[in-house]
Amino acid sequence: MSDATNNGPVLSADGMPLKRSLAKALRREKLRALMLIAPLLIFVLVTFIAPIADMLFRSVENNIVEDTLPQTVVALKKWDSKSGSVPDEPVFTALAADLKVAVEAKTHTKLGSRLNYEMTGISSLLRKTGRRVDKWDLEKDAPFKEKFVDVDKDWADPEVWAVIKVFSSKYTSGYFLNAVDLQKTPSGIEPRDEDQRIYITLFMRTIFMSLTIMFSCILLGYPIAFLLANLRPKTSNLLLILVLLPFWTSLLVRTSAWKVLLQQQGVINDILVWIGLVDDGNRLIMINNQFGTIVAMTHILLPFMILPLYSVMQTIPVTYVRAAKSLGATNWTAFWRVYFPQSVPGIGAGCILVFILSIGYYITPELVGGTKGVFISNRIAYHISSSLNWGLGAALGAILLAAVLILYWAYDKIVGIDNVKLG
Amino acid sequence: MSLKKTMMIAGTAMLFAGGAIAEDMTIVSWGGAYSASQENAYDIPYMAKNPDVNIIHDASSNEAVAKLRAMNEAGNITWDVVDVVAADGIRLCDEGLAMELDADTQLAPAPDGTPASEDFGALMVADCFIPQIVYSTTFGYRTDMVGDTPPTSVCAVFDTTAYPGKRSLEKRPINNMEWALLCDGVAKEDIYDVLETEAGQAQAFAKLDTIKSDVIWWSAGADTPQLLADGEVIMGSTYNGRLFSLIAEQNQPVAMLWDAQVYDLDGWIIPAGLSPERQKRALDYVYFATDTQRLADQAKYISYGPARKSSAPLVGKHATLGIDMAPHMPTDPENAKNVLLPNYEWWADYRDDLDAKFQAWLSK
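Just so you know, the sequences run in chain order A and B.
With our numbering applied, the first sequence covers 1 to 423.
With our numbering applied, the second sequence covers 1 to 364.
Hints are computed from structural coordinates only; laboratory data are not their basis.
Ideal Cβ placement from N, Cα and C applies to all residues, glycine included.
Warning: the hint list may mix true and false statements.
[Unchecked claim] Simulated restraints, written as ranges between beta carbons of each label pair:
{"#": "1", "chain 1": "A", "residue 1": "A403", "chain 2": "B", "residue 2": "A33", "range": "38 to 46 Å"}
{"#": "2", "chain 1": "B", "residue 1": "A33", "chain 2": "A", "residue 2": "P39", "range": "44 to 52 Å"}
{"#": "3", "chain 1": "A", "residue 1": "M204", "chain 2": "B", "residue 2": "G316", "range": "50 to 58 Å"}
{"#": "4", "chain 1": "B", "residue 1": "A222", "chain 2": "A", "residue 2": "P39", "range": "41 to 49 Å"}
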């Protein structure tokens with residue numbers, strides 16, 4: 001008996017191996033912890049993760065063509081889209097049958113809007129055809145090919161059929177290709193026409209301007225946070241209110257205020273003309289361009305830089321700088337070698353906040369950005385709320401999300417995410 | 001009994017009473033002066049007639065299409081009647097998000113018995129859309145900045161030598177492309193045929209190129225009035241009602257350039273998929289709100305023309321300013337000498353394509 005105890009696994013009081021018993025206890029604990037956070041977890045999953053996943057899924061989803069024209073899609077499989085000829089009668093017969101059902105359910109116009117994103121004119125083509133197909137008899141009125149061409153000669157255009165065929169699969173890369181200025185054609189992936197390329201430019205501009213805004217925020221916010229952290233509490237509280245007051249003011253009010261200040265007949269130009277620095281005929285253009293967007297957004301996002309900086313700086317003991325100085329450091333050395341490294345976690349937190357907020361901003365750029373100061377988010381907003389091209393909007397959003405995650409990963413590699421502190 | 005307790009009981013009693021009597025009906029519109037005109041002309045008399053209906057206002061019309069689609073997908077439609085522009089009305093109809101109506105049986109006939117479909121005439125642009133007002137997008141100019149020769153033609157916008165200074169245009173292709181072609185010598189009736197071709201589009205962009213550096217692009221209807229009031233622009237396009245309030249209500253030195261104004265429509269749709277009782281209530285409201293007298297009444301509060309022919313003779317004076325409203329209507333014969341009619345079907349086809357090109361052109 002004693003031999004077995006010595007050679008076998010260590011047992012707990014109830015005769016179970018200790019390892020298992022420990023694992024069981026730990027599992028119970030983990031389960032309890034999970035139960036405690038379950039409400040929050042479910043809440044986040046249902047209200048945050050699931051909608052985002054659903055929206056991102058739309059960037060590849062494309063079952064509308066197959067759902068609306070099931071027989072046509074099957075019939076088109078035999079047709080070669082590169083042949084340059086129009087499909088044969090069976091395809092038209094299938095289309096007539098499909099459209100008859102679709103018109104009944106009023107889904108043909110929806111399909112028209114979807115395919116119109118890919119080829120201009122399909123929207124009205126389907127609307128027009130739908131009105132006529134409704135009156136046709138599937139058996140008596142055959143053959144249909146000539147009838148369709150009679151309704152609109154576009155049905156004799158192989159390109160229309162190629163678009164239907166290319167976009168007939170359940171999932172498509174079309175939206176993602178559109179989002180990077182490419183397009184899906186029967187002969188493969190091609191760059192879009194030059195007069196339609198815009199998204200790459202906008203992505204680059206968004207990243208570039210967000211970085212500029214972030215650095216301006218550091219430049220302006222660091223001294224303020226330093227001042228706040230090193231003044232007597234009474235004075236610094238007063239100053240902190242000055243930082244927070246604009247933070248609590250409506251975004252639109254602040255943006256409009258910048259318009260009043262920066263426009264050509266605005267306050268700043270008036271003053272410059274009055275003191276003679278600027279000629280009345282050559283007033284400075286400071287708004288409706290990139291400069292306007294950067295100024296307004298730096299101002300709006302400044303509190304997001306100052307507050308983390310301030311709370312980190314408050315925790316830096318004054319004695320360190322004093323010790324450095326007593327050991328012979330100049331003011332600059334003491335600041336740069338001793339104080340600044342300790343404030344880096346605050347800069348990190350502020351940068352992440354400002355950068356991620358600015359990359360998704362669209363109200364301010366829309367109002368003061370003119371033509372060269374708008375962001376990719378303005379286009380996303382347009383596709384979500386105006387053109388209803390949710391697939392393209394989702395693809396643009398997915399790329400933006402991926403870009404943020406990559407930057408976040410790079411940040412973690414370079415600076416280290418543990419080096420970020422909010423206080 | 002303490003005051004607090006009394007109030008609580010009274011409050012609860014009111015809550016129950018309210019729940020039993022009033023039925024909520026959510027009407028979505030644009031907010032601001034426009035919603036106010038609808039409240040005065042439609043909602044107040046409607047609620048006086050139907051004390052059991054409680055109208056709730058929601059100013060979400062600018063994102064109505066997206067929200068209706070989201071509501072439809074979620075299967076929970078919280079809106080009863082929605083005010084949208086014609087292009088959105090057509091799109092909602094296309095997407096199956098708005099209910100189709102039969103104008104002659106479901107809308108009020110004119111006082112002389114003319115059926116509604118004839119009274120509205122060509123303005124019934126979709127089966128789901130009940131027109132309400134005709135508004136126009138037109139130009140206003142600063143009277144103190146144009147010298148002795150105020151502009152009389154829309155082409156003054158493209159003439160930077162005679163009228164130097166900034167102008168404001170809407171940040172989208174619709175209307176701007178038409179004006180550009182018109183001022184580049186294309187006849188009014190050929191505009192859409194020309195715009196359909198690559199060469200025609202290039203021609204329009206080339207014309208816009210000549211003033212590109214002098215344009216401030218707007219996206220909110222309030223932008224141009226503000227830019228005009230501040231003297232930031234010499235002329236700019238916006239909705240005629242915005243210019244009316246700038247001129248008549250705020251007395252700014254601004255005048256209307258009615259030339260080549262582009263008509264557009266605003267009207268009601270009823271979302272598809274409402275419960276039968278809500279649908280019945282929404283139809284009842286729309287029947288009342290789009291009758292001849294109601295449409296004429298709205299013109300007392302805002303300078304948009306009633307969509308019914310039979311309402312025009314009933315348009316009176318402004319409710320507070322006391323000025324005659326007829327001369328301020330886009331449909332007034334004096335103002336409507338040269339009018340552009342947008343081709344909704346054409347734009348439904350070309351909107352996505354031209355918008356992409358327009359945005360690419362802007363960012364160049």
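* Range hint compliance [Cβ, M204 of chain A to G316 of chain B, 50 to 58 Å] -> This hint holds: roughly 57 Å between Cβ atoms.
* Asked: Using the C-beta atoms of A403 of chain A and A33 of chain B, is the stated range 38 to 46 Å upheld?
  -> Cβ of A403 of chain A to Cβ of A33 of chain B: about 42 Å, so the range 38 to 46 Å holds.
* Range hint 44 to 52 Å (beta carbons of A33 of chain B and P39 of chain A) holds or violated -> holds, 46 Å
* Between A222 of chain B and P39 of chain A, is the Cβ distance one that fits in 41 to 49 Å? -> holds, 44 Å
Comparing the model with each earlier hint shows no violations; every hint is respected.
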